[in-house]
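Each chain, letter by letter, is given below.
2 protein chains.
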Amino acid sequence: MPTDQVQLYDTTLRDGSQMEGISLSVEDKIRITKKLDELGFEWIEGGFPGSNPKDAEYFRRLREVKLRHAKVSAFGGTRKPNTTCEADANIQSMVAADTPGVTLVGKASLYQVTDILETTPEENLAMIADTVRYFKQLGKTVFFDAEHFFDGFYGDPDYSLQCLVTAARAGADALVLCDTNGGMTTRSMLRALEAVQQRVKDVRLGIHLHNDAGLAVANSLHAVEAGVWQVQGCVNGYGERCGNADILTIAANLKLKYGIDVLEDEQLARLTEVANYVAELANMALNPQTPYVGAAAFAHKAGYHVAGIIKDEKAYQHVDPALVGNRSRVLVSELSGQRNLVMKLKEAGLDFLSQDEIKRLLELVKEREAQGYQYEGAEASFEMLVRRSLPGYRPPFELEDFVIVERRRVRKGDGGNEMLAEAMVKLTINGETIHTAHEGNGPVNALDGAVRKALNPLFPQLEQVKLVDYKVRILDSQSATGARVRVLIESTDGTRHWTTVGSSTDIIEASWLALADALEYALTTEG
Amino acid sequence: MPTDQVQLYDTTLRDGSQMEGISLSVEDKIRITKKLDELGFEWIEGGFPGSNPKDAEYFRRLREVKLRHAKVSAFGGTRKPNTTCEADANIQSMVAADTPGVTLVGKASLYQVTDILETTPEENLAMIADTVRYFKQLGKTVFFDAEHFFDGFYGDPDYSLQCLVTAARAGADALVLCDTNGGMTTRSMLRALEAVQQRVKDVRLGIHLHNDAGLAVANSLHAVEAGVWQVQGCVNGYGERCGNADILTIAANLKLKYGIDVLEDEQLARLTEVANYVAELANMALNPQTPYVGAAAFAHKAGYHVAGIIKDEKAYQHVDPALVGNRSRVLVSELSGQRNLVMKLKEAGLDFLSQDEIKRLLELVKEREAQGYQYEGAEASFEMLVRRSLPGYRPPFELEDFVIVERRRVRKGDGGNEMLAEAMVKLTINGETIHTAHEGNGPVNALDGAVRKALNPLFPQLEQVKLVDYKVRILDSQSATGARVRVLIESTDGTRHWTTVGSSTDIIEASWLALADALEYALTTEG
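Protein chains in written order, with UniProt numbering: chain A, 1 to 527; chain B, 1 to 527.
Hints were generated in silico from the structure; no laboratory data involved. Please note that a few of the clues may not be correct.
What the hints assert, rightly or not - Dumping the calculated DSBU-like pairs for lysine-lysine here, alpha-carbon to alpha-carbon at most 30 Å:
| no. | chain 1 | residue 1 | chain 2 | residue 2 |
| --- | --- | --- | --- | --- |
| 1 | B | 471 | A | 80 |
| 2 | A | 80 | A | 257 |
| 3 | B | 359 | A | 54 |
| 4 | B | 201 | A | 80 |
| 5 | A | 80 | B | 314 |
| 6 | A | 54 | B | 80 |
| 7 | B | 66 | B | 80 |
| 8 | A | 346 | A | 471 |
| 9 | A | 346 | B | 314 |
| 10 | B | 80 | A | 314 |
| 11 | A | 471 | B | 471 |
| 12 | B | 314 | A | 471 |
| 13 | A | 80 | A | 66 |
Just so you know, these numbers come straight off a predicted model, no measurement behind them.
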């Protein structure tokens, strides 16, 4: 059973979606809710029903969803000044959300009350008391998010503490101390926390931190050490400005470094999966450097590090990556020596090359990297490079020629646009030439369609192969549209995932090279 | 004058370049060295001359570079077991680097010595002593990087401390405690540090932390509070796995939160510039969430946050962004209300729209966002959207038609490839039709060339306009090559920078839309 010492409270769906570039659909939000429930979080803040119709729709749809562990809370402010909870549309939208809990954000800073909210200190206290009491009478769990608590405490400590006392007396189940602007040092945070603990007893405390000084994870852990119960954060540290505290990093640290069982072992082993799943739905590339769950979190590049982990994996790893569902990787690059290459070949089951062949391969890798290739993230292209360098390798198909024609013009009459993209390809397969053509909704799509049209009759297994990601990177931005580009394509056949790379000044050629590697890899390696 | 209480030591060029995806040329390294010197760091670790010829070349070229503040150190290991410094090629490459300082990495962990280095504890101590003494006799400043010190301390504390004492007795100028695997909690780090301070007196201490538990910045600050003198880190937190401690975040925190003048005010005001400069040369997009320097570090999206900062900028900002050379921004998105739009219009000098016009504009933004546009990072396209919606707007040019032809084929004879990309465009400028064509090294480059060929005679100011970055994002990766793509183009005329966006299933059309916005923006707004 997970501990009651610390409770994880996720606000990815509310505070996390305040991040630049994140826009979750209702369906995305439902899927993320289910995933976080599976992971084992106790509370999920689902949204801010008063702020937008999408969140209201989410709460309607949520009623048909059966969750195993988690309870969902609706977020919103205390009632507006000089009105009642019954007459406040925002409060009523939270009632309509029909959740077991609500999270009420109220100002806990004198400056914010007088200068930003523009009401009196007394009215703000009444707003807190009324709203907490209103939702407690409805039988809900009420979390009071004390907005701007820490900055407020260093402006007028007594007023900020009074806000907390008011919420506690009105029946709040926990008082959540927010570093809304994210700038607290550890020392300042702990000093204010101590003052709270002296003034408010018998109510549980929570912490909600932002990362503007790069300290959100660290300060959350310090707060737990100091006795705080609820820790709020977002998956992958999403959130406005520099983000909220990364709840996955906190969970892993609490479990593996502090021995606090906030998740069970099997749940922790899904951490990397959850990070990637949420990143995928949020349409944000997961930062490879993310602690525990990033693609580079256990990746080794320096030659002498690789030499070490050949002897013992833990030589350069702080925890076993399997505990969080991640894995270690060895990177191939000019900084690395033959040892990395040897490890890499072993991973690909190609560890039978002679010393001379390995030496030539290392030269080839360096030469390709100088042309803009990068094999660190494109293991399948690396494997194809090796296979093609082996004596006796016969490619399953060869390109002779492709032509792309693309046109965009203004339609006569309505002023709309007409687009056309066509590709013609000529391939050789087993000595036979196949010449075909295909239309697409863009040049790479047309090319992909034409190549598959040529290959599919002979290689029906390619129908299972789908491209799942396509990235373009400009390598030499000073050259603007004439710059060299690197294209990365991620493919899957339903069970395996692989990434291939192509580089050229021409985005279509670079795409072709990555696409050809992806298809050739599917045809020459076993599933 | 900067303080002597804390010294900033940068290892971006050595440990930072161990990061996946980073590959710096000698020229890049020289440029970064000069930039970090301007910023005011005291020591710059230039490279590992024994590990690769590029770093050796860097140190040769560095002799012709005049630095104002910074001193450069060469990094390398203590001598190999059972040899002499004179006979050790790696040591001699550090001598050849001819720098005022060297940073010697030596094992400070019994497990690492016996199991990974595979030598005796006594020989490891001799290696440390010999190498430190050797470089001190050459008159160099010697920093001893105690690799794996913290993990070693928790395995066999006495041996780890003995390594430090040995380096100190041999004359090391500072003992740098390394959390090589990056997993230390604050409490464990501080406990080990205290043991060091009791055992080793009269030698300065340094700290070198990795971010595997998300605590590198926080623990570096704790180490400074505990009396450590030298703080090592990397720009933007680059480095192997989860990266090194972010030296820019540390510098800003020390200066603004701890009142320690590690940089002068004018130097601190260049922090954002330096972060972006290094990211550009490292060819890594700077994480917008990076504390202090990221593009989103002071960006406001939530409607009620924006309402707050309209009243007072500091309502949702922990420091004034100008102190670190950054600026605040308001984001336009579906989560935000009219207030964000109004702020945005004010930023662009377009704050004369009526309530009805603003309402229609908000609808238009939401519609475009549903099509894959995103104006949060593309202020110039947003401005063009507004200008085009104004009555009486006349575009400086209009596209009627373009055709792209592109061919790739295997050359007869040598088996190499032939590439051809051509664009034909038809534009209307002041009622006159211009029809022209251009070749390029790729389709977008050909299109750019043809459009400029048509526009340049009439608008010679476009010759100053250059594209400096080009990004492609797949919006719906399940659709593979048929997916909708978003293209972001960053342009400059030498003084201003602006970003435009285009979205389509066709990468060339999306590029065209972003390119057209970029050129139209240059022609319709003042420099």
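Unmet hints by their number, sorted upward, for this structure: Numbers 1, 2, 4, 6, 7, 9, 12, 13, in rising order.
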